[in-house]
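Build out the structure end to end from the sequences listed, making use of the hints.
The chain contents come next:
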Amino acid sequence: MTAKEAHITVRDLTMAYGDYVLMRDLNFTINRGDIFIVMGGSGCGKSTLMTILIGLKAPAKGKVLYGEVDFWGADAQTRDRVIRRAGVMYQSGALWSSMTLAENVSLPLETYTDLSPGQTREVVELKLALVGLAGFEEFYPSEISGGMQKRAGIARAMALDPEILFFDEPSAGLDPVSARRLDDLILELNESLGTTMVVVTHELASIFAIGSNSVFLDVSQRTMTATGNPNQLLAETKDPTLRMFLTRGEKS
Amino acid sequence: MTAHGEMIMEYPSADTVKLVLSGAWKLGGELPGDDKVQQTLQDKPGVRKVVFDTRELATWDTGLLTFLMNLSKFCSRQHININSDGLPGGAKKLLELASAVPEKKDARQAEERVEFFTYLGDETIYLVQSAGALLAFIGDAVIAFQRLLRGKAQFRRADLGSIMQAVGAQALPIVSLICFLVGLILAFIGAIQLQLFGAQIYVADLVGIAMVRLMAAIMTGIVMAGRTGGAFAAQLGTMQVNQEIDALKTLGISPMEFLVLPRMLALGLMMPLLCLYANLMGILGGMVVGVGMLDIGLIEYYNETAKAVGLWNLGIGLFSGCVFGIIVALSGCMRGMQCGRSAAAVGDAATSAVVTAIVGIIISTALITIICNFLGI
Numbered sequence: 385m386t387a388k389e390a391h392i393t394v395r396d397l398t399m400a401y402g403d404y405v406l407m408r409d410l411n412f413t414i415n416r417g418d419i420f421i422v423m424g425g426s427g428c429g430k431s432t433l434m435t436i437l438i439g440l441k442a443p444a445k446g447k448v449l450y451g452e453v454d455f456w457g458a459d460a461q462t463r464d465r466v467i468r469r470a471g472v473m474y475q476s477g478a479l480w481s482s483m484t485l486a487e488n489v490s491l492p493l494e495t496y497t498d499l500s501p502g503q504t505r506e507v508v509e510l511k512l513a514l515v516g517l518a519g520f521e522e523f524y525p526s527e528i529s530g531g532m533q534k535r536a537g538i539a540r541a542m543a544l545d546p547e548i549l550f551f552d553e554p555s556a557g558l559d560p561v562s563a564r565r566l567d568d569l570i571l572e573l574n575e576s577l578g579t580t581m582v583v584v585t586h587e588l589a590s591i592f593a594i595g596s597n598s599v600f601l602d603v604s605q606r607t608m609t610a611t612g613n614p615n616q617l618l619a620e621t622k623d624p625t626l627r628m629f630l631t632r633g634e635k636s
Numbered sequence: 003m004t005a006h007g008e009m010i011m012e013y014p015s016a017d018t019v020k021l022v023l024s025g026a027w028k029l030g031g032e033l034p035g036d037d038k039v040q041q042t043l044q045d046k047p048g049v050r051k052v053v054f055d056t057r058e059l060a061t062w063d064t065g066l067l068t069f070l071m072n073l074s075k076f077c078s079r080q081h082i083n084i085n086s087d088g089l090p091g092g093a094k095k096l097l098e099l100a101s102a103v104p105e106k107k108d109a110r111q112a113e114e115r116v117e118f119f120t121y122l123g124d125e126t127i128y129l130v131q132s133a134g135a136l137l138a139f140i141g142d143a144v145i146a147f148q149r150l151l152r153g154k155a156q157f158r159r160a161d162l163g164s165i166m167q168a169v170g171a172q173a174l175p176i177v178s179l180i181c182f183l184v185g186l187i188l189a190f191i192g193a194i195q196l197q198l199f200g201a202q203i204y205v206a207d208l209v210g211i212a213m214v215r216l217m218a219a220i221m222t223g224i225v226m227a228g229r230t231g232g233a234f235a236a237q238l239g240t241m242q243v244n245q246e247i248d249a250l251k252t253l254g255i256s257p258m259e260f261l262v263l264p265r266m267l268a269l270g271l272m273m274p275l276l277c278l279y280a281n282l283m284g285i286l287g288g289m290v291v292g293v294g295m296l297d298i299g300l301i302e303y304y305n306e307t308a309k310a311v312g313l314w315n316l317g318i319g320l321f322s323g324c325v326f327g328i329i330v331a332l333s334g335c336m337r338g339m340q341c342g343r344s345a346a347a348v349g350d351a352a353t354s355a356v357v358t359a360i361v362g363i364i365i366s367t368a369l370i371t372i373i374c375n376f377l378g379i
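So the protein sequences, as listed, match chains A and B.
Position in the first sequence (from 1) plus 384 gives the number in this note's numbering.
Position in the second sequence (from 1) plus 2 gives the number in this note's numbering.
The set of hints was computed from the structure by calculation and includes no laboratory data.
Note that the coordinates shown come from a computational prediction; the quantities given were computed from them, not determined experimentally.
Fair warning: there could be bad hints in the mix.
As the list claims (entries may be wrong) - Here are the computed lysine-lysine pairs in the DSS-like style, where the Cα-Cα straight-line distance is at most 25 Å: (1) B/K251 x A/K445; (2) B/K46 x B/K95; (3) B/K51 x B/K75; (4) A/K441 x B/K251; (5) B/K251 x A/K447; (6) B/K38 x B/K154; (7) B/K20 x B/K75; (8) B/K28 x B/K38; (9) B/K46 x B/K75.
Shown next, in the form of structure tokens:
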């Protein structure tokens, strides 16, 4: 096994809304090629952590390092440049509702590449086919189901072949089979493209199926209490809160 | 069986109260309050235990549960033991479920009483901050415009086209109606005064100058503020709620260029054209009154209008139209971009966009009028 290379490093991070501190002293490392799970109960700040990682909200304190680059210490241009190599799937898909799926996926391509219209169309068709939406190019987001919107959101996030993909609650609101397919898709993309995945979720099935590394945010202590492979955490943890979370509170 | 719930208190031993519940304990029916029990418990400090007898209880729902919850909260404060064995099985379980997760003490937002001066200070600070936000937004818009001039701005030409259609061509019916009627009204009002001197013909001057120089631009501006400014705010606000704007930002696409710039351009280009059209409709409205009611000849009315309305009037009118267009677009887009993440916030954004735009239009009209007066045009 080769030594893993740190992709994102979080150091002494504190998240706060005004005076209200959500989480403090977060320290963890996301390695290249990881499927990294951010888990925790509702309202613990999982999604807020993601907005900090993708550059939408500044942390109250602490650092986020992308490789060697201090993300929030740098200027806006550097941040733009760093985050352009990442793709984000938002909780509700966040597709641009006035554009068709094809236009949604092609906008990043048109903005950052010099592909010809024909090439762009081919790439768009490929990305949509990868998420199982071949033939839906000319549909508008409002014309397809919630699960399809999420998958289209992944296709858009993958448009520029990013090094990191962020997923905000990918399986929330999906039926079990669709959720499972989405997990398979994440695994498949991770294996075949080597993309680092950061997944914010509290779906236990997903956590154990896809997670290779994780951090657990404990809402009662306002900080992280564990990091590591979720399956290993389940086997080894002595922390009652984490055990309760990972076993749905059921006694084994 | 009784139609409403009843409660009898018994005292089987010195330290025990037994509540015998009977009848229908249903929400909305007549139920004994728990204050009676609390009173009794306070009067008899020796009581350490509450038990229940519900053999006569016919039906129950949330009405019984709220009674029990209040009672158990009171008892835990007074360190009185509640024995729920006598309760119906379902009620006992639900009660346990309701008290399984302890109440989060700091989650309830404390309702602070705000002193008047604190309130005044907060509002003043907010006002200053929002003025700063307005300036920052205008600055961003100017930078986006510069990038457009250098050919670097990122937006879709197709978007510009469809927005221009929505704010231009589709606004024609309402602009026609409003401006035609405003022309008509002006002519009526003028006619009453001018008829006294037999100077009906000057109705054409009055309507022509008023419409072309000012009224057409103001009326179109206000129509557009309501029609388009509100729509822009609602569109961008909904995009904010759906995280669509976040999605643009994380792709490194400036929402300012992608969303705000085409809207500003579209209104800035379309408003002068709408104003030109509104001028014609206003003059037409005046002509209907002049020709139909005041017996002025059609050609005569036309000639009088053409004589009265100079190029300067037209220029000032169209310039005002362009300014109003940009004001409407800016306020609509700004309120939309500042929108919070709820349905109510979208409504507030739309309202505030229309108000901001109308205030902006009136203030800039005053400024333009004063400046023109100084310049003597």
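#### Entry: B/K46 paired with B/K95 [C-alpha distance capped at 25 Å]
violated (29 Å)
### Query
Quick one, are B/K38 and B/K154 close enough, alpha carbons at most 25 Å?
Between B/K38 and B/K154 the Cα gap is close to 76 Å, so the pair fails against 25 Å, i.e. violated.
### Query
Are the Cα positions of B/K51 and B/K75 separated by 25 Å at most?
Status holds; Cα separation ~14 Å.
### Query
Are B/K46 and B/K75 close enough, with their CA atoms no more than 25 Å apart?
holds (18 Å)
### Query
Is the Cα-Cα distance between B/K20 and B/K75 25 Å or less?
It holds: about 17 Å lies between the C-alpha atoms, which stays within 25 Å.
### Query
Does A/K445 lie within 25 Å of B/K251 when you go C-alpha to C-alpha?
Holds, at about 22 Å.
### Message
Given the hinted pair B/K28 and B/K38, is their Cα-Cα distance within 25 Å?
### Response
holds (18 Å)
### Query
Between A/K441 and B/K251, is the straight-line Cα distance small enough, at 25 Å or below?
holds (12 Å)
### Query
CA of B/K251 to CA of A/K447, is that 25 Å or under?
Given pair B/K251, A/K447 holds - Cα atoms ~21 Å apart, limit 25 Å.
In this structure, the hints that do not hold are numbers 2, 6, in rising order.
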